[in-house]
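Chains A and B, in that order, are what the protein sequence lines are. Letter by letter, the first sequence follows residues 22 to 194 of the numbering used here. Letter by letter, the second sequence follows residues 764 to 886 of the numbering used here.
For the record, the hints were derived by calculation from the structure and aren't laboratory data. These figures come from a predicted structure and were not determined experimentally. We treat Cβ as the ideally placed atom computed from N, Cα and C, and that holds for glycine. Any given hint might turn out to be false.
To be verified - Only some residues are given here: those of chain B computed to face chain A with a beta carbon under 10 Å: (1) Asp772; (2) Met779; (3) Met780; (4) Glu781; (5) Met783; (6) Ile784; (7) Gln787; (8) Ser848; (9) Arg849; (10) Glu851; (11) Asp872; (12) Tyr874; (13) Glu875; (14) Leu876; (15) Val877; (16) Thr878.
To be verified - Okay, derived cross-link-like pairs now, BS3-like style, lysine-lysine, Cα gap no bigger than 25 Å in a straight line: (17) A:Lys38 x B:Lys766; (18) B:Lys797 x B:Lys786; (19) A:Lys83 x A:Lys103; (20) A:Lys83 x A:Lys122; (21) B:Lys797 x B:Lys836; (22) B:Lys767 x A:Lys38; (23) B:Lys767 x B:Lys830; (24) B:Lys786 x B:Lys766; (25) B:Lys786 x A:Lys38.
Each chain, letter by letter, is given below.
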Amino acid sequence: MNTPANTLAASSTAALKEVSNQARVYAARMRLQSAVDQADALDAIRDIAGNLIGSEELAVFKVDKRRSELWLYWSFGVDPNKYAVLEVSREARLNDVLSGKCVFRLRGSNENLLCCDDPVSALIPIRIDGSTVAVIVLFRLFAHKSGLEEVDHEICEILSNFAGRAIEPHQSK
Amino acid sequence: MPKKVLLVDDSSTTLMMEEMILKQRTPYDCVTAKDGLDAISRALVEAPDLVLMDVVMPRLNGFEACKRMRLEKSLQHTPIILITSRGEEEYVEAGFQSGCNDYITKPVDGYELVTLLHSYLGE
Numbered sequence: 022m023n024t025p026a027n028t029l030a031a032s033s034t035a036a037l038k039e040v041s042n043q044a045r046v047y048a049a050r051m052r053l054q055s056a057v058d059q060a061d062a063l064d065a066i067r068d069i070a071g072n073l074i075g076s077e078e079l080a081v082f083k084v085d086k087r088r089s090e091l092w093l094y095w096s097f098g099v100d101p102n103k104y105a106v107l108e109v110s111r112e113a114r115l116n117d118v119l120s121g122k123c124v125f126r127l128r129g130s131n132e133n134l135l136c137c138d139d140p141v142s143a144l145i146p147i148r149i150d151g152s153t154v155a156v157i158v159l160f161r162l163f164a165h166k167s168g169l170e171e172v173d174h175e176i177c178e179i180l181s182n183f184a185g186r187a188i189e190p191h192q193s194k
Numbered sequence: 764m765p766k767k768v769l770l771v772d773d774s775s776t777t778l779m780m781e782e783m784i785l786k787q788r789t790p791y792d793c794v795t796a797k798d799g800l801d802a803i804s805r806a807l808v809e810a811p812d813l814v815l816m817d818v819v820m821p822r823l824n825g826f827e828a829c830k831r832m833r834l835e836k837s838l839q840h841t842p843i844i845l846i847t848s849r850g851e852e853e854y855v856e857a858g859f860q861s862g863c864n865d866y867i868t869k870p871v872d873g874y875e876l877v878t879l880l881h882s883y884l885g886e
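Pulled out of the complex, with its shape left as it was, chain B reads as follows:
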């Protein structure tokens, strides 16, 4: 069965771009969510193999969503990659403190994204 990736972003543009890249260059299935709260409920239902999530979102941001996912038994070990527009050290540190495994910066580079996902999910 193909591995499943949950893509989380309030930007439909970003979701469209990420889905296009993953569908064309990986064997993974994609499901999407549009904010942090939506992401948690989708993750509990879909049980994704990896979560790729934006930080700045309405209702619940990526840091908080990441923290809450880690409180759920079924999501404690799911790799979570955060997408941030800032590469500064303190911002990245805040991401790791929220429980994420990795981060990438915007604008998302397809090569970097696929390479990172392969490292967690295999090819």
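Bound-form chain A, shown alone:
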């Protein structure tokens, strides 16, 4: 029944969720912007993926000059030997990412975003001056997390816009 008390409780719940989402997005942005050097910026990516999104399996690939291959640059929680190189010609979704768009696995979908055994949850371009210089691959989410939510997409956009320092150490904050 839609009583005034129920309506108040629902609006309070919605307000709390909004504050929670804002706090996650703000914390992600502050962490990246306060990174003191390249190593700290990479640690910020790991920190945000693990504590704010819910994945402890990730890798960063650098885009080569001809934009035909992506080379593994750094990884956490995945076997680096399995992912030395990603060939753009073999990975259909990489073209979207190289054009600057985040690509997400849809909730409940069986489609994998890369041709590999491990489930890929998101492909996030790292952009510097409007150009994609690297790609963050988020693999498996925590077992209790069924998929990425709207706030996770926002955090991925923050990573896309502010993680450049992890690739280019002299990138301004």
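Given chain A's structure and the hints, the job is docking chain B onto it.
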């Protein structure tokens, strides 16, 4: 006097997020610690009404810190909530064996966190 919550995490990002949520949506005061050893000394000095603590931390993890807190007379009855990235049964069981009262999983959901804290500390 407002109730006091001790937030323990080696991630400054997580501490910032938790503090923002609690400051905006609860009347509780927050104090922080960055690992298990730091948490024990802070808890003994600050006498928090509740401890919210990560499990995986350098120097001393959350399970061990929880066990050691329970050996301190002043902290024996302080509610301790552990934050874990794993919801598996055996992991949760290990948490309860260490003496925690409850647990929540990462990434921390503000609604779940505030609701749980209200259940221990009141609104």
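Against the structure, the hints:
Taking 10 Å as the C-beta cut-off, the interface hint given for Asp772 of chain B holds, the closest approach to chain A being about 8 Å. Restraint check, Met779 of chain B versus chain A: the minimum CB separation of about 5 Å is within 10 Å; hint holds. Restraint check, Met780 of chain B versus chain A: the minimum CB separation of about 4 Å is within 10 Å; hint holds. The beta carbon of Glu781 of chain B comes within 8 Å of a beta carbon in chain A, closer than 10 Å, and the hint placing it at the interface holds.
Interface restraint check: Met783 of chain B against chain A, minimum CB-CB distance 4 Å, threshold 10 Å, status holds. With its C-beta approaching chain A no nearer than about 5 Å, Ile784 of chain B sits inside the 10 Å limit, and its interface hint holds. Because the smallest distance between the Cβ of Gln787 of chain B and any Cβ of chain A comes to about 5 Å, under 10 Å, the interface hint for this residue holds. About 6 Å separates the beta-carbon of Ser848 of chain B from the nearest beta-carbon of chain A, less than 10 Å, and the hint is met.
With its C-beta approaching chain A no nearer than about 7 Å, Arg849 of chain B sits inside the 10 Å limit, and its interface hint holds. About 7 Å separates the beta-carbon of Glu851 of chain B from the nearest beta-carbon of chain A, less than 10 Å, and the hint is met. A cut of 10 Å between beta carbons decides the hint on Asp872 of chain B: the least distance to chain A is about 6 Å, and the hint holds. The beta carbon of Tyr874 of chain B comes within 5 Å of a beta carbon in chain A, closer than 10 Å, and the hint placing it at the interface holds.
Taking 10 Å as the C-beta contact cut-off toward chain A, the hint placing Glu875 of chain B at the interface holds, the least distance being around 9 Å. The criterion of a C-beta within 10 Å of any C-beta in chain A is met by Leu876 of chain B, whose closest approach is roughly 8 Å, and the hint holds. The interface hint given for Val877 of chain B is met, as the beta carbon of that residue sits about 6 Å from the closest beta carbon of chain A, less than 10 Å. The restraint placing Thr878 of chain B at the interface with chain A holds, with a minimum CB-CB distance near 9 Å, inside the 10 Å limit.
With a C-alpha separation of about 22 Å, the suggested pair Lys38 of chain A and Lys766 of chain B falls inside the 25 Å cut-off, and the hint holds. As the CA atoms of Lys797 of chain B and Lys786 of chain B are separated by approximately 19 Å, the hinted pair is consistent with the 25 Å bound. For the hint pairing Lys83 of chain A with Lys103 of chain A, the CA-to-CA distance comes to about 16 Å; that is within 25 Å, so the pair holds. Between Lys83 of chain A and Lys122 of chain A the alpha-carbon distance is near 16 Å, which keeps this suggested pair within the 25 Å criterion.
For the proposed pair Lys797 of chain B and Lys836 of chain B, the alpha carbon gap of about 23 Å is at most 25 Å, so the pair holds. A hinted pair counts as satisfied when its Cα atoms are at most 25 Å apart, and Lys767 of chain B with Lys38 of chain A qualifies at roughly 22 Å. Only pairs whose Cα atoms come within 25 Å are accepted, and Lys767 of chain B paired with Lys830 of chain B is accepted, the gap being roughly 21 Å. With a CA separation close to 12 Å, the supplied pair Lys786 of chain B and Lys766 of chain B stays within the 25 Å bound.
Taking the CA atoms of Lys786 of chain B and Lys38 of chain A, the gap is about 14 Å. The hint holds against a cut of 25 Å.
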